[in-house]
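*Asks:* So you can see what is in the structure, the chains are spelled out below.
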Amino acid sequence: MRALSFGLTLLLAVSAHAAMMGPVGTDAALREPRRLTAGDSDQFLGSLGPDGRTLVFASNRDAVVGAFRQTLPDGVARSLFDEGADISLPRLSPDGRTLLYISTRDDATGDVCLRTLETGARRCLGGPQTAESSAFWFPDGTSLGVVARGSMHGEQVLRRVWLRGDKAGGVADGEVLVDRSVSTPTVSPDGRWLVYVPVERASTAVGVHFAMQLGRGLHVVRVDAPKRTRTVRVDLPGETGFPAFSPDGRWLYFTQSLRDTNGDGVVDGDDHGVIFRLPFRTGDAAPLRGDAPVQLTPASWNCRYPAPAADALYLTCERGGRLDIYSLPPDGVVPAAWAEARILTALDHSTDPQVASLLLANLVQRQRQPEARSATFGALAVRALAGNDTALASWYAGRAAAEAGSGPGSAARSAAARALVALSAHRKELARVDAGARDEGFADRADKRLATLGEAESSTDGQAWLRLVRAEILDDLGREELALAQVQGLGAADTLGHDAILAVVLLGVPRLRALQAHTEADAWLLAAGEHRALRPAERLDVAERLVRQATRGRGVVARREAIERLRAKAAPDGELAMRLDVERALLALPPKSKRGPPVAATAGLGSAEEETVREQLFAIFRSWRELDRRRALVRATVARAAAVDSAWLLYQFANSYVSVIPRDHPGRAQAVDLFRQVVLERAWISWNTGQIRDARTNFYGVTLQTDDLEAWLGYVEAQHREGNRDVLGQVTKRFAKQPDHPALRTVHAWLRLRPLAEGGGGDADARREALEAADADLAVAQRGAPGDRHLHQLRGWVAHQRFLLGDGRGFAVQAHDRYRLALALADGDARIRGALLAALGLLQQAVGNHRIALDSFARRMALPFVDPEAELAVLVATARSQWHVGLADAALATLARAQAKLDATPTLARHRTLLLDRTALYAFESGDLARGRAASEALLARPELQRVAANRARAALVAAAAALASADGKATLAHLATADAALAKADEDALRAGRRPHQPPLEADRKRLLALRDGLRARAELLLGRPRDALPLLDRRIAALADADDESRGRLDRAAMLWHRGVARSLLGEHRAAMADLGAGLADADRFARATGTPAPPERIWLVRSAAELHLFAGAPLSALGRPLLPDLRAVYAALCQFGAPRWRPDRDALQLYLTLLDDGAGAPVAGRAAGRTTPATGG
Amino acid sequence: MRSLFRSLPGRAALLATLVAAAGCEAIAAGDDFTAAYDGYLNKCASCHSPGNQPSGAETSLDFSTADTARATLKGGSAAGLVGNQAACNGVPFVVAGKPDESLLMAVLDETVRQKFDNASAAGCDGSGPISDMTVQTGGSDPDAIAKLRAWIEAGAE
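Chain order of the listed sequences is A and B.
Whatever position you read off the first sequence (first residue = 1), add 508 for the working numbering.
FYI, the working numbering numbers position 133 of the second sequence as 116, with every residue one higher than the one before it.
Don't take every hint at face value.
[Unchecked claim] Below, a list of computed lysine to any residue pairs in the SDA-like style, where the Cα atoms sit at most 20 Å apart:
(1) Lys1241(A) to Val65(B)
(2) Lys1515(A) to Ala1479(A)
(3) Lys98(B) to Ser1131(A)
(4) Lys1077(A) to Ala1001(A)
(5) Lys98(B) to Ala1001(A)
(6) Lys1241(A) to Asn25(B)
(7) Lys1245(A) to Lys98(B)
(8) Lys98(B) to Glu1134(A)
(9) Lys1241(A) to Ser32(B)
[Said to hold, decoys possible] Reference listing, derived: stretches of chain A covered by chain B, where coverage requires no fewer than 3 residues with Cβ under 8 Å from a Cβ of chain B:
(10) 650 to 659
(11) 1167 to 1175
[Stated by the list, open to error] Not everything, but these chain A residues come out facing chain B in the computed CB check (under 8 Å):
(12) Val802
(13) Thr968
(14) Gln1160
(15) Asn1163
(16) Val1180
(17) Phe1183
(18) Thr1205
(19) Asn1206
(20) Tyr1208
(21) Gln1213
The hints are simulated quantities; they were obtained by calculation from the structure and are not laboratory data.
Note that CB positions come from ideal geometry on N, CA and C, so glycine has one too.
Turn these sequences into a full structure, and let the hints guide you.
*Replies:* This is the structure in structure tokens:
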């Protein structure tokens, strides 16, 4: 149930996505910007180097903004150099050897600098007297264009700075090309033209730098005659910025702030950037005209800094609060080759309003008839109004008015445009009032608009437009009855034309609903749903609105009644009737929990309830040949089937739809994509339900349809599960003529990695070799399949394993970047996102970034799990990181969740031992000694531990430590006896297996365990009041720790043992010897503290406190310590004061007292004054 | 005589070899079905061969080899289809001499599929019951389809 639900939810997301976007670089479907960079930081200002493969960009991933490069298509980001300060605008020279950038290292206001990449040589051309804000290369690479201001309030002028020859010099020596303030200038590839955005002073009181506003339009100047400026007004609303030439010089790209996306009432640089381009004719006297800008990205994307290359356009786009570099074909999301009809078809398929607007904006560029253009601008205005973009709506309405023409229908077009202009202005003002602005004069101005709209209008359509807008204004003024009368007076639907009836649907119906006139609203939708002037796809869209309205928020019975009511009124053969019939059938489809078993015993077939619905739907499907109708049926069925987990219906109708849509139909690619996704999902469902044969055949089916690597890997895994080990042979045969095919190379790599993923793969060298070979395969695959998320994921895993092998932190960075990039590319694919988030968490955990790891694990937990073992793994990993960041209680709670999962899932039983082990550890840390002891003793009783003596010995030692922590000396000794027996048995086992028990590495392990045992036993003897029995054990333990490094835990362990021996000796009255032990322990603790910067580990606190007490209360001479006590005492006291945890308070108070006593009276013992204490405090 | 005796068997053997070679060549060159199988139809084996049928797939076909494919297509008819495709159960894969009435052609050629109307099974027509198998195989192969058409027109032997 859960697996299916997960799969279908995913499928819905995929199919909705597939309905809009297609592969990058093809003309089959709309394109989507492809993400190239990733990370927890921003990546921006990207551009491609002259080799066509090296992307350079700025990123703040290392705290400051630095310059990075990434090789396309398969590389990850690498820092170019360490500037030690923020940089911006990195640009490679035309020969690719030198990087130009603006640095703030030596001049906080900006300095233009050059770095020779090969040598790292750096030189800067500005200096503190100038402030450089941007720079670019002239095409021959011998000079730069630099924008700099010479004084605080000076202009930001553009200079040409020569790098070689007689004119070479610094910025101040450069030739002034433009003596006014400019922003983001660019030069044409032939070096003849400069284009920039003028910058105006917003105030005369201060310099332009402090009160800057972008001027209107683009300025175009000849390089050889820079005084003659030509201003080009781009025919768009909003601000223009970041001009950039295409490499062939035929296009000028730029960013336009088109919509008021931040809702502040102003369209400016704070709003989403939309990328446009204009043709540039370098040979003309006026090479640029602003009247036909081509929109390349939808306004739902926020992109800037276009950097065109030969085959792609590089952009910096903001998604989810992060900036990254994306690529897009140079002609944008809508292929330039698409004709009007193809765009209209895409429009019929589009579900995203901003993409629909983009399509309309591209459509209008192709339309030559003014009346058609006027109508399209009107449609754009209506869509802008629907998105509350009143400024944009006003602009489109103005264009609709300007192109209304004078021929037939011009009166209606003019009236429509006039109505839209008035409505845009009204809504803009209303938005200000709604936002809290004073409404003084609002009503008067609204009345004036009404008067304007009340002028006589001859055309019926024109009257309808005017009535609709009057109704809205009247309603907003509170005159509901008059508003209602306006809509009621629209007349008969069949008298209206195409645009007017759509206007009624988009503007009139919502108004009627606002006025509570639902019956009339439904009547209009009924009429529009059968209106002959609308295209079939538009009628189906109206039908969809009507169905949604009739069923929203109602129970099944009420929905059924509403559908039947509408069906009775619908014409029998219309699109509306068909859509209602579909809805009627779908209403009979119950959720999965209320359905019976499949009608056949094989997986993937439907229940009896699904079969009934399928039959009805298929009868409808067959009865209509029109593809629009069939598409509407499939769309509604897919949505409902996904909502109620009906894989059966999904497969049936995805299959039938793709089987009837002609090969040359524009919707074919989407139908094929939907079908492929359904089959892939079917494969996963079969896999998760153990139907491996079905899974294999479905995976293989997808590999025949596409080069989907996920399907290939699923196929390989299914073959393995079925026992077929010659998968590589099959795949190699299939790609015999394509040895570098991505699928073949990926399968090669996968088969190399499989043993490693299962914990095998031999020793470290063998694993490393396999990882290197797999990565080489994957790199080849990536060249053939750039942007494939699976390849980034696999290469991330390879780098992750290299890091775990100890090959350096650089591999962790690589793994992180690849995982992040795969995560970004897997947007909407919950299955891959889940796997990646878990991998990222484990990577961060391995690096030691436990807090970041916890964030990844939390995001993973928010997604569904198909495999309970995977869920258990994430829970255990989460607990581990929680423990590491000091959240032991939270770690225990997480383990309790894991335990509940394990208890409810019999197949997880083998992990019970692991959970007990972790529970014991975290319980001790959180102070829950009883729970820790119970867990450790339960661990000792686990059957797995009975089989392997060495593991049993370890568990017995853990249980002994638990008993000791609970102050149960007898139980401690009993567990230690068990450990002894187990260690002896381990030796026997080793001998029987033909190994010498004391050879490395077993010997080292055994010695460690024996030392631990001695320490624990000694402490148990002390606890039981037998210090004399403890002493030889402690001697052995201390001797075993003699070689510990200064920074190792062993050094502290020895200090602890010395403290225990000091305690034992003091109990025996051997105070001088006890002091000597404490002194030696303090020396160890001091060395550890200096080496690690940890001034007050618990062992040092115990030692210093005990030494003070032994001296002060038992009269032991300080000289026996072998070192002065006060420095240690002061250091520990200072640390406890600085990092004052509440649990240290008793120690801090005691040390404060001892410091006072030792300072007062030159350290004379106070024995006799104290209450007869003769043994040191047992701080442990 | 001796030379004749000596030479006849040798000539006969040579002749037999030549004939056999010519025969093989003629079959290889003229066997459209084998060529179509090698170039395209072998992909069908992943779902239409014993032990490989996913749920709901046609069950009587065996595309393991060119011979089994030929054998199961000739005289065979669809079985085991479910759901929207169930109407095509019982429809012959191949009607000798009539490619436009052969289900094999309908699943591979959209022109045939759109006009398909088989009298032996009402409902198995181009309105949805006949799956487009070129989607399953990752694309159409006009050359293989032309060879199959020729094979059926020639009697589907």
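*Asks:* Next, verify each hint and record whether it holds.
*Replies:* Do the hints match the structure? See the list:
no.: 1; hint: Lys1241(A) to Val65(B); in the structure: violated (33 Å)
no.: 2; hint: Lys1515(A) to Ala1479(A); in the structure: violated (23 Å)
no.: 3; hint: Lys98(B) to Ser1131(A); in the structure: holds (15 Å)
no.: 4; hint: Lys1077(A) to Ala1001(A); in the structure: holds (15 Å)
no.: 5; hint: Lys98(B) to Ala1001(A); in the structure: violated (39 Å)
no.: 6; hint: Lys1241(A) to Asn25(B); in the structure: holds (13 Å)
no.: 7; hint: Lys1245(A) to Lys98(B); in the structure: violated (38 Å)
no.: 8; hint: Lys98(B) to Glu1134(A); in the structure: holds (15 Å)
no.: 9; hint: Lys1241(A) to Ser32(B); in the structure: holds (19 Å)
no.: 10; hint: 650 to 659; in the structure: violated (count 0)
no.: 11; hint: 1167 to 1175; in the structure: holds (count 4)
no.: 12; hint: Val802; in the structure: violated (33 Å)
no.: 13; hint: Thr968; in the structure: violated (40 Å)
no.: 14; hint: Gln1160; in the structure: holds (5 Å)
no.: 15; hint: Asn1163; in the structure: holds (6 Å)
no.: 16; hint: Val1180; in the structure: holds (6 Å)
no.: 17; hint: Phe1183; in the structure: holds (6 Å)
no.: 18; hint: Thr1205; in the structure: holds (4 Å)
no.: 19; hint: Asn1206; in the structure: holds (6 Å)
no.: 20; hint: Tyr1208; in the structure: holds (5 Å)
no.: 21; hint: Gln1213; in the structure: holds (4 Å)
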